[in-house]
Amino acid sequence: MAGQAGSQDNKARPGQRRMAQWTRDYARLPGIPDEYIGQDGAPRPAWARFFDAFAALSPADIERRFASADRHLREAGVTYRAPGETADRLWPLSHLPLIIDETDWRQLTTGIAQRAQLLEMILRDLYGEGRLVADGAVPAAAIAGSNEYLRAVCGVKPPGGRYLHLYAADVGRGPDGRWWVLSDRTQAPSGAGYALENRLVLSRAFSNLYKSMNVERVAPFFEAFRDSLRASADRDEPRIGLLTPGAFNETYFEHATIARYLGFLLVEGDDLAVSGDRIHIRTVAGLKRLDVLLRRVDSNFLDPLELDASSHLGVPGLIDVLRKSGVVVANMPGSGVLEARALLGFLPNLCRRLLSEDLLMPHIATWWCGQKSAREEVLSRLDDFAIEGAYGRAVPGFPGSGPVLAGELSPTERERLRSAISDRGIDFVGQELVRLSTTPTWENGRITPRPFVLRVFAAATPNGWTILPGGFCRIADEPDARAVSMGDGARSADVWVVSDKAIPASTLLPAADTVRIRRIAGVVPSRAADNLFWLGRYLERAEATLRLIRALGTPTRESGKGAPTGASTALHSVERIQRLLVTWGATSQASRANSAKVAAEALQSAEKFGSALSLLRSAQRTATSLRERLSPDAWQVITEMVERLSVEADDDDGIVSAAELSLQELASFAGLAQENMNRAAGWRFLEMGRRAERAINTARFARQFAYDEAGDEDLDVLLTLVDCQITYRSRYLVGPALAPVRDLAVLDPYNPRSVAFQVAALNEHIASLPSLKEHGLIERPQRLAVALQAMLTTAEAAALDVKALFVLEQDLLNLADAIGLHYFPHGPNASRPEKLTGLA
Amino acid sequence: MIYDIRHVTTYSYESPVSFARCSLRLEPRSGDGQQLVSHSVEIRPRPAERTIRRDFFGTHTESVLIETAHRSLRIDSRSRVQVTRQALGRTAPSPSWESVRDVAFEASSLGPASPVGYVFASSLVPVLGPVTAYAAASFPQGQGILTGAVDLMHRIRHQFKYDPKATVISTPLREVFEKRHGVCQDFAHVMIAGLRGLGLPAAYVSGYLRTYPPAGKPRLQGADATHAWVSVWCGSEIGWIGFDPTNDLLVENDHIILAMGRDFSDVSPVDGIIVGSRKQKLAVAVDVVPVE
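Chains as they are written, first to last, in our numbering: chain A, 1 to 840; chain B, 1001 to 1292.
It is worth saying that the hints were derived from the structure and are not from the lab. No residue lacks a Cβ here, since even glycine has one placed at the ideal position from N, Cα and C. Treat the hints with care, since some could be wrong.
Stated by the list, open to error - Below, computed lysine-lysine pairings styled on DSS-like, alpha-carbon distance capped at 27 Å:
1. B:K1161 x B:K1179
2. A:K157 x A:K372
3. B:K1281 x A:K835
4. A:K835 x B:K1279
5. A:K835 x B:K1217
As the list claims (entries may be wrong) - With the Cβ distance kept under 10 Å, some of the chain B side facing chain A (calculated, not the full set):
6. V1008
7. Y1011
8. C1022
9. S1023
10. L1036
11. V1041
12. Y1118
13. S1122
14. F1177
15. P1213
16. G1216
17. I1274
18. Q1280
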């Protein structure tokens, strides 16, 4: 075959062959529309264009790019958590985008914008005048049944002038080829951040293909959303917070992504306080007013005083602040009431009534059994419907959180369902069973059709609703795509809205969707500062532990003088190292007989809280709550260290080399923090944590190895631990002697590992931080740090005996505590609000 | 009948409390056969802020902010209320429970008195199969709503044990029902859960009950207590009727209503958040004194 074609054909042909093969093997599901292949059996033009370009890549190239996409996701730490799990899962990305033609997309967006506007109008009426219910346009029961109908905000005008700021709809393409709404998300829609990550990853992995497809950019949507939130506040430079339930939440990664991308402060309920008629954020510089709260906490958990009393995720008094119009909350608490399926059937009429137009987008035909005629319809052909909860996901009285299919129930269960619907029809809806369209996914070098659900996002702007071109697409492995959540077997896909024409240059950002750089608002919440401080301390303690492990595994320099000059009962250096590791909780007393076991435990034991692995895990846990403040690189370094140490080393050499590698990575983390971390974002607290911990550890090392009778071997170990072998040798040209070594480790202000150096750095940081008090007196952390610096500046090495070193260590510990008490009084150890006991 | 009511709530803390934000629902409502004559609340330490509003249910709600450090918080509420209520007889005719249910489902108001707000589960009152089945025994087909509710109240009074030590405020309904014991609040919640399971509108009422000292003995000071019972919507003609399952009584002139809501969490007389102390002790003293 090769000889038959010219060079042009030779290049094109393998691609065409692959493409033909894929298309031939692509087995559409019978009777179900498909995104790639139209009803007429021919590929749709946009997809054909995509696969043409895609097939031109060699199979090896394709696999390489897929692997690179996966690596990006792993390295960026894109994770989610399945409900009920405690460990983060890696984000499963379907490597093929969902491609939607621009014309098709315009229709969809018009329908979504109309729907968003309709829902906003309904909310205004429900919580305001109440005409719709009074006139019978909406049955009262269809509202009252939702636990998102918040009686506490009835009659409260939403600050910022609207209920919905961000709205999302789950849509799918129905058998008639039109887009159908499956459900509405009015509470706190999730997924936009994941959509953003998917775009970043896929557009990087297939950059040329992406550029050639004229894909609409997603960045302008996010900017419009941010600008609109800013405009909703009642002052010029508003402070905006994203309220997250915390690091344990399944979509916490997304909260951090959005906060970082949009320049919002990531806050938890404990970070906020009501003062006067406003919400404030607790920062290292005192309370700072917060103007807008983008919430990812469900309404009922927002205020333990007026709503769910058991909630620890909210702010006591928040609802009262809303009454006084002191904060904009997006979306307005109570907006979630419109997620109830009971309402779906009433929307066409409501649309005609409120907007004087027909509802553009159909939704899945839904019968609310609270109405007699609908109930009878559902009961008369029960097997033709999916029975769902009228207000929430669960069907009352039936296990699981999804729809119940009467046809699949046992006769008794089926009868139970029937009588439940007859007795309390208000709790149920019947929904038509629909098979949604499929989209190509990549499986083992072939493309396969799979059903999907697309979440489309709409943001309210002063000029109307703007729609995210693209969205969050979830692809099912089951035939019924409505069951899709990010549980088992579901993947997400990037969504490309493609145009025939080039995307106008004005919206063309340099490389793909480049993040627009924004400075994080110039306040550091106390909790974030606290976490940064501890992140610094954990990492530094891990470093000290690793240095001890390395010292154990490396033979000390043979010196002529050999044994310690003191009493013969004095411990050998090795024993001193082991004792220190025991004190630090890195290894057990029992293991001390076996030196190899000590090193292995101190490095990798998951049970020992002081092992390098445990310390790095603590650092990782702390860093999780700081995701919006750390660069992806910094996060990646921590993850890699934890992963390495989680794999057991083979032998002594393996232990030493794992310790070595980890030390190198710690150094690279320090470099990243130094070079890449924004100085306004709490960098000082990370630094202070490191400095404080290093000062404490170095003082400890000095006491252990530069004690009054220390021998060459001990001093040698100390020089290694504080990384000063070379400095010492170049300076003194003789073997280690007590006073010079003490001076170098403790007093030398030019040695970046000495105690004096750390204290000087701490002084600098403390002096640069805002002062909380107005009375002009020196504050405690500064008083302690200045005194320490004076002592270290004037001290003489010869006088630094074990007793003096012990006092120094205690003073350093006190300084670290004073910093914590002073700057993070609201940190994790602060007293939390308690509920008053009620009567029983 | 006119009553003078004194309701003193005292919290004592182990360590000083620097901050408290409370909601008080201590003003008896007017309407439903009673009239508030006078009312005052004294709070120590003095609050930095006191604001009054009516909540969704029409209850007079006072928000209080205290910023002075304190080791005890004392809320002293005094009310004078006139009660002129005429109870229906236990055997009065009433519409069938099924018709009441169907009318309630079709209500066209979300207001606080609309029955539709009281047919769904609420935060402290889940709808549970076994509780619904228990209640169903009082409601054979076509049974009058009043007769059925009286029977249910009677059964709870006789099948549940009154035991102030058995439950605390957070004891879940399921446990109360399984162990068949509790206090007035628990009995009210059980009755409400059963009625709502059948689709019948039932509300929670907080208030006071006049107690009668044993014959020949003086009334003891502070011996009364806050009380709770159930209000059932018996169709548009009869409206809301009070049932006291703790005493197997239809609510008449011995009951003084404070507030009505879906469950205790809507009407809690004193509710709040404090910062500073984990340990707290609560003492409540109530006197209900008939004036004439």
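Hints versus structure:
| no. | hint | in the structure |
| --- | --- | --- |
| 1 | B:K1161 x B:K1179 | 9 Å, holds |
| 2 | A:K157 x A:K372 | 35 Å, violated |
| 3 | B:K1281 x A:K835 | 12 Å, holds |
| 4 | A:K835 x B:K1279 | 11 Å, holds |
| 5 | A:K835 x B:K1217 | 39 Å, violated |
| 6 | V1008 | 13 Å, violated |
| 7 | Y1011 | 7 Å, holds |
| 8 | C1022 | 7 Å, holds |
| 9 | S1023 | 6 Å, holds |
| 10 | L1036 | 21 Å, violated |
| 11 | V1041 | 16 Å, violated |
| 12 | Y1118 | 9 Å, holds |
| 13 | S1122 | 8 Å, holds |
| 14 | F1177 | 16 Å, violated |
| 15 | P1213 | 23 Å, violated |
| 16 | G1216 | 31 Å, violated |
| 17 | I1274 | 6 Å, holds |
| 18 | Q1280 | 6 Å, holds |
Figure legend: structure checked against the earlier numbered hints; hints not met, in rising order: 2, 5, 6, 10, 11, 14, 15 and 16.
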